[in-house]
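Participant: Whole structure, please, built from the sequences with the hints as guidance.
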Amino acid sequence: MDAIRLLTELLQRFSPTGYETDAVSFMIESMRQFGFQAHRDEAGNAVGTIGSGSREILLLGHIDTVPGKIAVRMENEILYGRGAVDAKGPLASFIFAGAQASLTSDWRITVIGAVGEEGDSLGARHLCKTYPAPEMVVIGEPSGWESITLGYKGSFWSEASIVQPSSHTASGITSACDQIFRFWNQLTNDIEELNAGKTRVFDRLSPSIRGMRSTSDGFEDNAILDINIRLPREVDLPLLEGLLSKAAEKAGNQPVFKTVDYMPAYQGEKNTTLVKSFLHAIRANGGAPGFKLKTGTSDMNLVGPVWNCPMIAYGAGDSNLDHTANEHIVLSEFLKGIQVLTTALERIQCL
Numbered sequence: 028m029d030a031i032r033l034l035t036e037l038l039q040r041f042s043p044t045g046y047e048t049d050a051v052s053f054m055i056e057s058m059r060q061f062g063f064q065a066h067r068d069e070a071g072n073a074v075g076t077i078g079s080g081s082r083e084i085l086l087l088g089h090i091d092t093v094p095g096k097i098a099v100r101m102e103n104e105i106l107y108g109r110g111a112v113d114a115k116g117p118l119a120s121f122i123f124a125g126a127q128a129s130l131t132s133d134w135r136i137t138v139i140g141a142v143g144e145e146g147d148s149l150g151a152r153h154l155c156k157t158y159p160a161p162e163m164v165v166i167g168e169p170s171g172w173e174s175i176t177l178g179y180k181g182s183f184w185s186e187a188s189i190v191q192p193s194s195h196t197a198s199g200i201t202s203a204c205d206q207i208f209r210f211w212n213q214l215t216n217d218i219e220e221l222n223a224g225k226t227r228v229f230d231r232l233s234p235s236i237r238g239m240r241s242t243s244d245g246f247e248d249n250a251i252l253d254i255n256i257r258l259p260r261e262v263d264l265p266l267l268e269g270l271l272s273k274a275a276e277k278a279g280n281q282p283v284f285k286t287v288d289y290m291p292a293y294q295g296e297k298n299t300t301l302v303k304s305f306l307h308a309i310r311a312n313g314g315a316p317g318f319k320l321k322t323g324t325s326d327m328n329l330v331g332p333v334w335n336c337p338m339i340a341y342g343a344g345d346s347n348l349d350h351t352a353n354e355h356i357v358l359s360e361f362l363k364g365i366q367v368l369t370t371a372l373e374r375i376q377c378l
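Quick note: the sequence shown uses the numbering used here, first residue 28, plus one each step.
No wet-lab data here; the hints were simulated from the structure. Hints are supplied without guarantee of correctness; some may be wrong.
[Said to hold, decoys possible] Here are the computed lysine-lysine pairs in the DSBU-like style, where the Cα-Cα straight-line distance is at most 35 Å:
1. K273 with K225
2. K363 with K319
3. K285 with K273
Facilitator: This is the structure in structure tokens:
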């Protein structure tokens with residue numbers, strides 16, 4: 028099986044979060060054909076290892092995708108399909124490069140296709156609890172074949188709700204919906220003040236409303252906002268909770284806040300053997316290497332602080348196509364990414 032066929036067949040097994048079983052089974056069987064010892068772990072992750080050395084390079088991708096099935100097709104050397112860039116393209120390149128890289132007796136390579144990354148990160152959370160820290164990690168996410176990603180912003184999800192007695196629209200009483208938006212406007216104003224002077228998006232708080240609804244039973248009115256704030260590195264949970272409380276106080280109302288999820292930002296180090304090996308590999312394959320910091324999140328945010336080892340994200344593909352109806356990967360870039368990975372994996376063992 029060649030690399031393009033591997034990716035095509037992986038894309039044909041549509042695997043939105045929660046429905047990864049068929050794709051995981053295919054990945055396990057494919058890894059075995061490529062010489063890996065492969066199995067499914069307790070969380071449902073596909074895990075394959077090649078080599079038997081004591082030093083481990085972990086290539087951690089995710090096998091689930093967002094919803095929205097896209098017909099898998101090839102047109103003009105471009106492969107379309109849900110997950111082509113996010114993140115079955117990087118995952119397929121991990122399998123192929125891991126299999127073809129030369130390994131010394133000191134090293135082993137493990138490839139993991141984690142479940143649930145687009146949801147609650149069930150697979151990565153399981154690894155945080157059960158998998159011993161490897162020597163270094165590459166996360167499978169699109170960076171473009173000439174770039175490596177050093178870090179991801181954090182994410183905070185909160186539900187804000189205001190409940191008050193029902194009133195007539197002519198009563199002059201400010202409605203629950205108006206109250207909740209007074210709070211929101213105050214919160215965004217306060218965040219703009221905190222962002223003052225920070226020019227990089229990676230260093231700024233980025234708030235957005237991801238859902239809104241209101242209900243009434245004739246006695247009480249309830250207005251609810253689902254809030255997400257993308258986080259820079261220096262912002263922690265107590266600061267966020269204080270930010271919400273102060274905005275509510277300034278707005279003159281008292282929403283009830285429910286923290287739904289919190290994931291801090293993470294950024295890896297530049298001066299590591301892992302980074303140096305990828306810079307060398309990109310140049311050796313005709314590229315001009317660059318660094319990226321991403322405004323989204325990935326499983327790096329979870330495993331990075333736990334494993335505390337050198338870590339980057341790498342994968343061919345344009346991340347602007349993530350979660351879009353036009354998701355695709357240029358096959359020449361996909362193959363170039365495999366060459367870079369193979370070169371980097373071999374270079375690591377020499378340093």
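Participant: Hint by hint, note whether the structure agrees.
Facilitator: Evaluated hints:
no. : hint           : in the structure
1   : K273 with K225 : holds (22 Å)
2   : K363 with K319 : holds (18 Å)
3   : K285 with K273 : holds (16 Å)
Checked against the numbered hints listed earlier, the structure breaks none of them; every hint is satisfied.
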